[in-house]
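**Student:** One letter stands for each residue in the lines below.
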Amino acid sequence: MKIDERTLKKGLEFTVLPNEKFKTEVLVVNFQMPKTEKNIAVGNLLAKMISRGTKKHENTLKINRYLAGLYSASLNVSHIALPASLCLRISCSFLDERYLPGGDTVSVLSGVIALIKEMLECPLVNDSGEWNAEYMESEKNNLLDELRAQKNSKDSYAMLRLNEIWYEGYSLALNPGGTESGILAVTSADLSEYLDAVKKSAPVTLVYAGNFTAEKEKKCLELTDYLSNLRAGGKATDIDRSPEIPDIIEFKNVTEETDAKQSRMLLGYGVDKSKTNMYARMVFSEIFGGSPVSRLFTNVRERMSLCYYCQSIYRESIGKLTVRSGLDAENRDKAAKETERQLGLLCDSGNITETELEAAKKSLINNYKSIKDGNGQYASWYLGVKLGGLDTDIDGYIGGISEVTAVQVADVAKSVRPEISYLLAGAAKE
Amino acid sequence: MEDRKAVSSPLLGEQIVKITHESGLTVYISKKNYQAAYAVFGTRYGSLENSFEVDGERVNVPHGIAHFLEHKMFESEDGSDAFEKFSEHGADANAFTSFDRTAYIFSCTENFYSSLEALLEMVTTPHFTEQNVEKEKGIITQEIKMCEDRSTYRLYYNLMKALYSGYPVMIPVAGTVDSIQKIDADLLYKCYRAFYRMSNMALCVCGDVDEDKVMETVDRIIKKDKEVPAISFYPEETENAVTSIISDEMDVSKPLVAIGVKIPSEAKPETLEILCTAVFGESEEFYSELYENRLVNQYDIGCDAVRNAKTMIVECDSDDPHGVFERFLAFSEKIRTEGVSLEAFDRAKRIHYAETLRKYDSSVAIAEAVFDGFIDGSDFIGQAERYAGVTLEEVNALAAEVLKKEKVAMSIVYPKGCGKETENSRK
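Chains as they are written, first to last, in our numbering: chain A, 1 to 430; chain B, 1 to 427.
Derived by calculation from the structure, the hints in this document are not laboratory data. Treat each hint with caution, since some may be false.
[As the list claims (entries may be wrong)] Label-pair distances were calculated between CB atoms; the ranges are:
| # | chain 1 | residue 1 | chain 2 | residue 2 | range |
| --- | --- | --- | --- | --- | --- |
| 1 | B | Glu406 | A | Lys56 | 52 to 62 Å |
| 2 | A | Lys56 | B | Asp319 | 52 to 62 Å |
| 3 | A | Lys2 | B | Tyr234 | 53 to 63 Å |
| 4 | A | Thr237 | B | Glu292 | 31 to 41 Å |
| 5 | A | Glu121 | B | Lys5 | 28 to 38 Å |
| 6 | B | Asn94 | A | Ser242 | 33 to 43 Å |
| 7 | B | Glu130 | A | Val407 | 34 to 44 Å |
| 8 | A | Val407 | B | Ser80 | 50 to 60 Å |
| 9 | B | Glu292 | A | Pro246 | 42 to 52 Å |
| 10 | A | Ile313 | B | Glu236 | 26 to 36 Å |
[Stated by the list, open to error] Simulated coverage check for chain B against chain A, where a stretch passes if three residues somewhere in it have a Cβ under 8 Å from a Cβ of chain A:
| # | region |
| --- | --- |
| 11 | 98-107 |
| 12 | 245-254 |
Note that beta-carbon positions come from the ideal geometry of N, C-alpha and C, so glycine has one too.
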């Protein structure tokens, strides 16, 4: 069944991803906000505050018990940093009512929608408009804890530091966890102002993935009506979906130390999108370092035994490629040189075998075909491409990938330019 | 002659076909019209098997050898890598090893039977040489270092050390950088012959597949195997925890805590899961009190069932690990004496009904859950019925038996410089 995309009014979109195969369904309400350092801190705290309690369910215990009563429905409020914008996202996953045990008539979808409305409409704010001060303080502490805990995972911390250094001065460099001073500075008025903007002017995308019956359509349209009424008189803000990225970034070589047994090497590259084909860029990354038969895996790992993983990750929305590997610090140059050598080899289409080209295409096509194998992953993929300004037609991707040639892949390799080499050097004492 | 029967869950309306192949291999097929099909081919052999008897000989092997063997199974005699074969068919292949199993897997949206053939051939034709074994040591050393940098890894294995005296769940699955240096091709062949016996193995398939075609592929590749797997030996295990507190230091921002309860091996998994959720779940007072009193932020619960080692675990971060531990012990004592409330019991049953149902939404989850059932001797298809059959009396009897101070231990990972405690100390 095809995607049903409806624009109900400017800035209010409702998409149905129909699928009758699964027992679990998904409803996501996504509000898009401008990306600023202050908004990151305020939005992160707001996400915690509205899921901490409502006037009807005053604390986490009551919310959790309410959701457990809806057959363990999950409702997660997150604040996500995209390259160019921020999203306050309410994601719900729940059983299709066809699968409730015999005789149980609880309306799971109605229950979930009621909680979404309560979170937006009736947060824990007193008559003077002040947010619960005790909860604010404890949730600020939780945000500070999470920010400080970023260093606990060396893999993700290295990636975070890479972005901060690579895109210094641009919104792409902003830490999605915010800053300590930013978190501490958030006031009750900031939360109210942000929630007001979310309700009245943020572009909204609703996604329902599952067995979409007429009854469920009615309930979802009641929710969209509610959201539409919230913004009566307010205009949807235009959000820039293209991040500002400098065209030419001067090469940076950075080493930082950490208390770890293994070092993390990250190499960052720019890809010229103006002269290359999008599907070829995807195939290139797959051949270069996207699978266990890729150039980086078979050479840096298997032939040279330098690491457990060496992979490339390509982000189409910003046209950047990252190679990541975990190794001993003294092997950084060997691994980096081999990475450069493999990149150089791919610049000549004659070095790209028919077998590896076809294998890369099949692997990518396999991934695209599998996206619909789960309502959660389908909704998540849809929102990712939609909010990134990319095409939402899976068949289009499959068709485009299947036509990529070795010459096009070599053109991508030729357009790749190194922009940063970063090492988070392990210096753990036993 | 193969034995073929359909097993079903009347509660969920689900069905799985179970076939005992003439080779001794158990095959499970779950037919689903999902885009991707998924297969798991694995053995009841994991990192627990460090001492065993095969061909009348007692063999002791280095820690991490089951995981090492898994890495080496991807190499063929002609020097090619099995990943190449899978990728030619458009399949994504991988493998994993844990305490009690080694599994080889693939998923694909086309060419299922040729990928299945590649999987069966790969796992039944080992090829180890001194050269390719040496080469792998560098790769696995980096995998071990990557894991050792993870605070959750340290937290977990320290908890196992505090709870278990002999059963080898405190030894990391991949071994250590030192232990893997002792592995050679001969030892790998010995382990392979000891545990990769068809009566010790299962193939679990889920997807839009044809049962007969799956079995034709199995018939073609899997030969009769009269050998039985080796007998393993494990050290004696004590009834209670070894020590109550164990701590360590790492580069973390605040203390991380794991509290474990040692559970008798005969406890029913579903009763244990319901007890854990009804007492320590996020819909219950224990968690709520910790969160509202700012004692925890991140929080998770779970039950590990590794053959004879069953453990209930609560993990969290906290600036006051001992405060969390005291509350855990006090709350456990309250439940042990007063029992779980009917409301909490009902909530836990609803949660587990939904979780069981959710597993049927993914070919990966179904095949792996079926494989889990093969490993631990249960059957996945009957899980919803088993959850439904658990009574409050059974849950309370288990609570009375296990929620005792002497069965509980806490592992703490402190930020560096915050002071490692001596074992068994109390603040």
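**Student:** All hints, please: hold or fail.
**Tutor:** Do the hints match the structure? See the list:
Between glutamate 406 (chain B) and lysine 56 (chain A) the CB atoms are about 43 Å apart, so this pair departs from the stated range of 52 to 62 Å. For lysine 56 (chain A) paired with aspartate 319 (chain B), a C-beta distance near 31 Å fails the hint of 52 to 62 Å. Separation of lysine 2 (chain A) from tyrosine 234 (chain B) is about 57 Å and conforms to the stated range, judged on CB atoms against 53 to 63 Å. Between threonine 237 (chain A) and glutamate 292 (chain B) the beta carbons are some 36 Å apart, a value that agrees with the proposed interval 31 to 41 Å.
The hinted window of 28 to 38 Å between glutamate 121 (chain A) and lysine 5 (chain B) is violated, with their beta carbons roughly 55 Å apart. Take asparagine 94 (chain B) and serine 242 (chain A): their Cβ atoms lie about 36 Å apart, and the range 33 to 43 Å holds. Separated by about 43 Å at the C-beta atoms, glutamate 130 (chain B) and valine 407 (chain A) satisfy the suggested range of 34 to 44 Å. The supplied range of 50 to 60 Å is broken by valine 407 (chain A) and serine 80 (chain B), whose beta-carbon atoms lie about 27 Å from each other.
For glutamate 292 (chain B) paired with proline 246 (chain A), a C-beta distance near 47 Å keeps the hint of 42 to 52 Å intact. The hint said 26 to 36 Å for the Cβ distance between isoleucine 313 (chain A) and glutamate 236 (chain B), and at roughly 48 Å that hint is violated. With 1 residues bearing a CB less than 8 Å from a CB of chain A, the region 98-107 of chain B misses the requirement of three and the coverage assertion fails. Restraint check on the region 245-254 of chain B versus chain A: 5 residues with Cβ-Cβ distances below 8 Å, three needed, restraint holds.
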